[in-house]
Amino acid sequence: GQNIDQPTEMTATEGAIVQINCTYQTSGFNGLFWYQQHAGEAPTFLSYNVLDGLEEKGRFSSFLSRSKGYSYLLLKELQMKDSASYLCAVKGGYGQNFVFGPGTRLSVLP
Amino acid sequence: KAGVTQTPRYLIKTRGQQVTLSCSPISGHRSVSWYQQTPGQGLQFLFEYFSETQRNKGNFPGRFSGRQFSNSRSEMNVSTLELGDSALYLCASSSTGTSGTSSYNEQFFGPGTRLTVL
Numbered sequence: 001g002q003n004i005d006q007p008t009e010m011t012a013t014e015g016a017i018v019q020i021n022c023t024y025q026t027s028g029f030n031g032l033f034w035y036q037q038h039a040g041e042a043p044t045f046l047s048y049n050v051l052d053g054l055e056e057k058g059r060f061s062s063f064l065s066r067s068k069g070y071s072y073l074l075l076k077e078l079q080m081k082d083s084a085s086y087l088c089a090v091k092g093g094y095g096q097n098f099v100f101g102p103g104t105r106l107s108v109l110p
Numbered sequence: 001k002a003g004v005t006q007t008p009r010y011l012i013k014t015r016g017q018q019v020t021l022s023c024s025p026i027s028g029h030r031s032v033s034w035y036q037q038t039p040g041q042g043l044q045f046l047f048e049y050f051s052e053t054q055r056n057k058g059n060f061p062g063r064f065s066g067r068q069f070s071n072s073r074s075e076m077n078v079s080t081l082e083l084g085d086s087a088l089y090l091c092a093s094s095s096t097g098t099s100g101t102s103s104y105n106e107q108f109f110g111p112g113t114r115l116t117v118l
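Sequences listed follow chains C and Y, in order. For the first sequence, position 45 (counting from the first letter as 1) is numbered 45 according to the working numbering, and the numbering increases by one without interruption. For the second sequence, position 13 (counting from the first letter as 1) is numbered 13 according to the working numbering, and the numbering increases by one without interruption.
Since the hints were derived computationally from the structure, they do not count as laboratory data. By construction, the Cβ of each residue, glycine as well, lies at the ideal position given by its N, Cα and C atoms. Worth double-checking, as some hints may not be accurate.
Partner residues are not named here, just some residues of chain Y that face chain C (Cβ under 10 Å, in silico) [as the list claims (entries may be wrong)]:
hint	residue
1	Gly3
2	Val4
3	Ser33
4	Gln41
5	Gly42
6	Leu43
7	Gln44
8	Glu48
9	Asn56
10	Gly58
11	Phe60
12	Phe108
13	Gly110
14	Pro111
15	Gly112
Chain C with its partners taken away, still in its complex shape:
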């Protein structure tokens, strides 16, 4: 089966660092994606990992451990505009599509 877990909600303070975890069990693996979705808007691509390790992109970093079925998204120097839902998605093997996690709603407080 396919299963992706993320915390439902998180709260952090402006300027802080927050880590959003994602664990997955999928029948195939061909990459893990993180998307940001503001309320009422479409998801937008943040990051992609296919090999183990850390990918850094400005204030955002994403980590992957394939052996553990685990990823995290790290957001540094939090800003109010980072308040959004963060979706973890796994691309399965050939013939399989993206499976999305339930999303983590992040609230950044002043």
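Starting from the known structure of chain C, fit chain Y onto it as the hints suggest.
Below, chain Y alone, put in the same frame as chain C:
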């Protein structure tokens, strides 16, 4: 480059009716995937079309169908609407499609169609 467009943005229908939603992918993209997003179930994959062929299908009843035209525009149809079909319907386009062997398949999402079934 224009983004993914979806029409209409909002729809209100009653139970038993049918609805057709439209999606125009980014120019040059041949793959369109459709998703249903609800507060309880999150984002769920409906189907993917690539070069006018359905490549993959999620676990939705046959009331949900789709097609893709030669210009890559896609439509999805829901017949005999039920209250539970109320959701945000998102389409996403990509250049190579998401069912193939290529690992990097970034999807670009449209703004969605908010369907309310009364």
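(message) The hint names Y:Ser33 as touching chain C; please verify it with the least Cβ-Cβ distance against 10 Å.
(response) holds (7 Å)
(request) Mind checking the CB of Y:Phe108 against every CB in chain C and telling me if the closest is under 10 Å? (result) holds (7 Å)
(request) With chain C as the partner, please determine if Y:Gln41 meets the hint condition of a C-beta pair closer than 10 Å. (result) Check passed: Cβ of Y:Gln41 comes within 8 Å of chain C, closer than 10 Å.
(message) Would the hint on Y:Glu48 be counted as holding, given a Cβ-Cβ threshold of 10 Å to chain C?
(response) holds (6 Å)
(request) Answer holds if the nearest beta-carbon of chain C is closer than 10 Å to that of Y:Gly112; otherwise answer violated. (result) holds (6 Å)
(message) The hint names Y:Gly58 as touching chain C; please verify it with the least Cβ-Cβ distance against 10 Å.
(response) holds (7 Å)
(message) Given Y:Leu43 as an interface hint, is its Cβ closer than 10 Å to any Cβ of chain C?
(response) With a minimum Cβ separation of about 4 Å from chain C (threshold 10 Å), the hint on Y:Leu43 holds.
(message) Let's test the interface hint: is any C-beta of chain C closer than 10 Å to that of Y:Phe60?
(response) violated (13 Å)
(message) Is the interface hint satisfied for Y:Asn56? The criterion is a beta-carbon contact with chain C at less than 10 Å.
(response) holds (5 Å)
(request) Would you check whether Y:Gly3 satisfies its interface hint, that is, whether its CB is within less than 10 Å of any CB in chain C? (result) The hint holds - Y:Gly3 has a Cβ within 10 Å of chain C, the shortest such distance being about 9 Å.
(request) Tell me if Y:Gln44 is really an interface residue toward chain C, meaning its C-beta lies closer than 10 Å to one of theirs. (result) holds (8 Å)
(message) Checking hints one by one. Is Y:Val4 an interface residue toward chain C, by the C-beta closer than 10 Å rule?
(response) holds (8 Å)
Going down the numbered hints, you'll see the structure goes against just number 11.
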